[in-house]
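Student: Sequences are here, hints too, so could you generate the full structure?
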Amino acid sequence: MTRFALFLPLLTALLLSACGSPGGYRGGAPAPVEQPAGQPPGGAETRPYQPPALPETTRGEPNRAVQSLMRRARDLVAAGDLSGAAANLERALRIAPYDARLWNQLAHVRESQHQYGLAADLAEKSNTLASTDASLKRDNWLLIARVRRAVGDDAGARAAESQAERLR
Amino acid sequence: MSSKPKRSRSKRKKKKTGRRKAAATHRNGWKWLSALILLTLLVVGGYLLYLSHTVRVQFEGKRWAVPARIYAQPLELYEGKAIGLEQLRAAMADLGYRKVGKPYQAAQWSERGGRLRIYTRAFVFWDGEEPARRIDLRIRGGVIEQLRDDRSRQPLDLVRLEPPLVGSIYPAHHEDRVLVRRDQLPEALVQGLLAVEDRHFYQHHGVDPKAIARALWANLRAGRTVQGGSTLTQQLAKNFFLTPERSLWRKLNEALISLILEARYSKDEILEAYANEIYLGQDGPRAIHGFGLAAHFYFNRPLSELSLAENALLVGLVKGASYYDPRRHPERAKQRRDLVIGQMLAQGAITPAQAQKATAAPLGVTQRGKHNNASFPAFIDLVRRQLKRDYREEDLTSEGLRIFTTLDPWAQRKAERILASQLERLEKSRKLKPGTLNGALVMSRPQSGEVTAVVGGRAAAFAGFNRALDAVRPIGSLVKPAVYLTALGQPSRYTLVTPLRDEPITLTGEDGQVWKPENYDRTTHGEVPLHTALAQSYNLATVHLGMDLGLDAVIDTLQRLGVDRPMKPYPSLLLGALSLSPLEVTQVFQTYAGGGFHTPLRAISAVLDAENRPLQRYALEIERAADPAAVFLLNRNLVEVVREGTGRGLARYLPSGVEVAGKTGTTNDLRDSWFAGFGEDRLAVVWVGRDDNQPAGLTGSAGALPVWGRLMRELGVASFSSNPPDEVEYVLIDPETGLRADEGCPGAQAFPFIRGSEPADRAPCSRGVTGFLQRLFD
Chain E
0 MTRFALFLPL
10 LTALLLSACG
20 SPGGYRGGAP
30 APVEQPAGQP
40 PGGAETRPYQ
50 PPALPETTRG
60 EPNRAVQSLM
70 RRARDLVAAG
80 DLSGAAANLE
90 RALRIAPYDA
100 RLWNQLAHVR
110 ESQHQYGLAA
120 DLAEKSNTLA
130 STDASLKRDN
140 WLLIARVRRA
150 VGDDAGARAA
160 ESQAERLR
Chain C
0 MSSKPKRSRS
10 KRKKKKTGRR
20 KAAATHRNGW
30 KWLSALILLT
40 LLVVGGYLLY
50 LSHTVRVQFE
60 GKRWAVPARI
70 YAQPLELYEG
80 KAIGLEQLRA
90 AMADLGYRKV
100 GKPYQAAQWS
110 ERGGRLRIYT
120 RAFVFWDGEE
130 PARRIDLRIR
140 GGVIEQLRDD
150 RSRQPLDLVR
160 LEPPLVGSIY
170 PAHHEDRVLV
180 RRDQLPEALV
190 QGLLAVEDRH
200 FYQHHGVDPK
210 AIARALWANL
220 RAGRTVQGGS
230 TLTQQLAKNF
240 FLTPERSLWR
250 KLNEALISLI
260 LEARYSKDEI
270 LEAYANEIYL
280 GQDGPRAIHG
290 FGLAAHFYFN
300 RPLSELSLAE
310 NALLVGLVKG
320 ASYYDPRRHP
330 ERAKQRRDLV
340 IGQMLAQGAI
350 TPAQAQKATA
360 APLGVTQRGK
370 HNNASFPAFI
380 DLVRRQLKRD
390 YREEDLTSEG
400 LRIFTTLDPW
410 AQRKAERILA
420 SQLERLEKSR
430 KLKPGTLNGA
440 LVMSRPQSGE
450 VTAVVGGRAA
460 AFAGFNRALD
470 AVRPIGSLVK
480 PAVYLTALGQ
490 PSRYTLVTPL
500 RDEPITLTGE
510 DGQVWKPENY
520 DRTTHGEVPL
530 HTALAQSYNL
540 ATVHLGMDLG
550 LDAVIDTLQR
560 LGVDRPMKPY
570 PSLLLGALSL
580 SPLEVTQVFQ
590 TYAGGGFHTP
600 LRAISAVLDA
610 ENRPLQRYAL
620 EIERAADPAA
630 VFLLNRNLVE
640 VVREGTGRGL
650 ARYLPSGVEV
660 AGKTGTTNDL
670 RDSWFAGFGE
680 DRLAVVWVGR
690 DDNQPAGLTG
700 SAGALPVWGR
710 LMRELGVASF
720 SSNPPDEVEY
730 VLIDPETGLR
740 ADEGCPGAQA
750 FPFIRGSEPA
760 DRAPCSRGVT
770 GFLQRLFD
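Residue numbers (numbering that gives the first Met the number 0), protein chains in the order written: chain E, 0 to 167; chain C, 0 to 777.
Calculated directly from the structure, the hints in this document are not laboratory data.
For each residue, glycine too, the CB sits at the ideal point set by N, CA and C.
Hints are supplied without guarantee of correctness; some may be wrong.
Label-pair ranges, simulated between beta-carbon atoms [to be verified]:
id : chain 1 : residue 1 : chain 2 : residue 2 : range
1  : C       : Ala360    : E       : Asp80     : 45 to 51 Å
2  : C       : His172    : E       : Asp80     : 28 to 34 Å
3  : C       : Arg651    : E       : Gly155    : 45 to 51 Å
4  : C       : Glu268    : E       : Ser82     : 35 to 41 Å
5  : C       : Ser303    : E       : Ser82     : 29 to 35 Å
6  : E       : Arg157    : C       : Ala759    : 28 to 34 Å
7  : C       : Ala92     : E       : Arg157    : 56 to 62 Å
Tutor: In structure tokens form, the structure reads like this:
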């Protein structure tokens, strides 16, 4: 029962994050700057910097391979095999290393394994990739708050909670 | 003559005593004899007991040192994966899959147009078993377009091919083997062995007198040794327990051990031991033992997949692995193989049709021994060093561990070839004596820290000085990003557009020596924006910046990025008076590419024991090492280095539109030429220089950059991009003034700023926006 109680929040989190928010988590590039009319076509010196386009395979919804690994990880978490779940998530990250949801799920698994420092860093990493996905970011901040509290950093936990609150 | 009576007396006496003595001697003799017999029995018995004990210990204890096997990273196939046909073909060859018209059994594949049908082998990974599958995949434009199960026609999410074996860690006596069980020995192999080596194996008790007599007769007739009468058991005894000297004593021992073996163990146990012990070839210092390894060594396939002809070839090698070496003496090997087939036919083990087909088959051996350490010595070296932290040497060489690494053989081979050819090209174009230059290269995955390739020198196939790990050289301007990151981590003081002074500076080091750094072009550039100073690698601006930040702050940054060496706070550190190996540089750039998260470089993902139980997982670990927002700014600047700075030469190699981040490095008198850079999916660090540390005459952009460029062109690299963290916003900046701009400013560029650090003032041009619009409508 205690085991189950431990997995319940994790499972919920994984399910939640797997359902995910619709796309856009890799967007966020600034709008291209238009050259004013009458301006000579710019050479390298005047070309405005623009983050380059992303390849199709890592953009938007994860591909089937990543989805199936996420499902497998979820099943393994439910079965109590956290190491196995982590291995599958790492495998998925090899395919989609910029997928913020995968980093988030891995953070949850590490939290369940009481690897608090690693869990917090993984959640923070997820946040740097999450772009406009507010619910994912909120989940990351709540996770960070929990692990900070678990190691006795109450002030840090409150700071993380207020970050999460702002994303509500 | 007083001696006479004495003599007669003594004669009489002697006669008397003689009789007594004779009786006594007789008794004594018997005593002695029985004592001698007893002693002999004791000695022989003791010796037999000793032999029996040795046999038991050897046989039932750990019989063989089984070297650890090293696997490369498996190839993952899924729809949307970028992979070329050429790479897939290479992967099939690495795994020993045979190309056929229509695959009908494991390890076969076919290709038509962009459509591949592959019948994969099953494989046990550290995270579960991958079943054998029939897959049907279509590739178009270098991407897997469709992946299906060839039988059910259902789409497949993900298929993982088995990982190619790339090495083994064999012990000092150089014996290498792949263990096989009796039930894994192909029937054809067993039949061949019995037909040629020991026809009465299942009847005799270890020694076959009939075979000895036959061999003796044959040898007498021939006047030399043409036939051996040794049973398989005797051969095993010889190989297993004894030295190779030829003496009667050894022969006797051999026979004794054979009898003991037969008394104690079943025929199948003996056959299994024989199949794993027998010497079947030589690969440099590595001795090939057993049929399991021989199958891989000669055919690059597991024993279970060999044909009758291939099994017969292996049986033929028993008589003399060197003399019948199919690579060096194919004619002899074929004759021997056909003789084995003939014997099998004569014994009724195969049909005439089978024999005919087998003798008609080519030898089928691969070009060279596979999965030896000669393949990728520099990478295997890294693996061994990482393993030595966690395992004892004897465990690695004897416990049959399975080591799963992060090696990408496709990238590794390309990297080896490109480094070597580029060095040759450089020597030619610069009229240098061939062999003057050398180099090293490390490649990794930016987000996971997995090392995918290591090249230790231009002669990559030869183990030797591993420059990638051990050439510790000054890194020159590769240190600069750490200086600029230190600055960008203080957003209240520095942004990408903060003006820096690129002016002469004179410093006095701790040793009292005066240091007057100069720019590479020996000019000064006055006031330059921070981003330009890094993009153009200006020395003076960097020294000014570093001195303002404080050397300790820069050292602190370097340590957090992963530099482990002691660093002295001398100003020259700011221009790269810091010596690191290419691997260490990779670690530093890993943290940039990882968005400020330090990920220890890994060459191993997991270690399993011989029974496939996981011993250790080397999991992905990350640790925040720098402010992700500051690293985001830095990376944008490193993209600028390649777009318009010292790395712009890469444009020649990369397709337009692909933007990567990078930095060149050059040291005093052009001794070391570096390039470190990353795209979204690949990170690589290249060093070019001379082993004798003489000037190589190459800047970073002339020596190392072309290697990097050609490598990425051939492998393909995705643009580096990352989403701006929350704390970052883009603001239009007027290049003239470094102030806020808007659409009205010509050449305005969007720069990322950590929120609150963007300039407050607007450039004069931005207020002209209304005037500009009016002019448009006038």
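Student: In this structure, is the beta-carbon distance linking Arg651 of chain C and Gly155 of chain E contained in 45 to 51 Å?
Tutor: holds, 49 Å
Student: Does the Cβ-Cβ separation between Ser303 of chain C and Ser82 of chain E fall within 29 to 35 Å?
Tutor: Since Ser303 of chain C and Ser82 of chain E have Cβ atoms about 31 Å apart, the given range 29 to 35 Å holds.
Student: Within 28 to 34 Å: is that where the Cβ-Cβ distance between Arg157 of chain E and Ala759 of chain C falls?
Tutor: Because 32 Å falls inside the window, the suggested range holds.
Student: Could you say whether the range 35 to 41 Å given as a hint is met by the Cβ separation of Glu268 of chain C and Ser82 of chain E?
Tutor: holds, 37 Å
Student: Given the hint of 45 to 51 Å, is the C-beta distance from Ala360 of chain C to Asp80 of chain E inside that range or not?
Tutor: Between Ala360 of chain C and Asp80 of chain E, where Cβ atoms are some 47 Å apart, the hint holds.
Student: Given the hint of 28 to 34 Å, check if His172 of chain C and Asp80 of chain E actually sit that far apart at their C-beta atoms.
Tutor: The hint (28 to 34 Å, Cβ to Cβ) is violated, given that His172 of chain C and Asp80 of chain E are roughly 40 Å apart.
Student: Does the Cβ-Cβ separation between Ala92 of chain C and Arg157 of chain E fall within 56 to 62 Å?
Tutor: At roughly 59 Å between Cβ atoms, Arg157 of chain E and Ala92 of chain C fall inside 56 to 62 Å, so the hint holds.
Figure legend: structure checked against the earlier numbered hints; the only hint not met is number 2.
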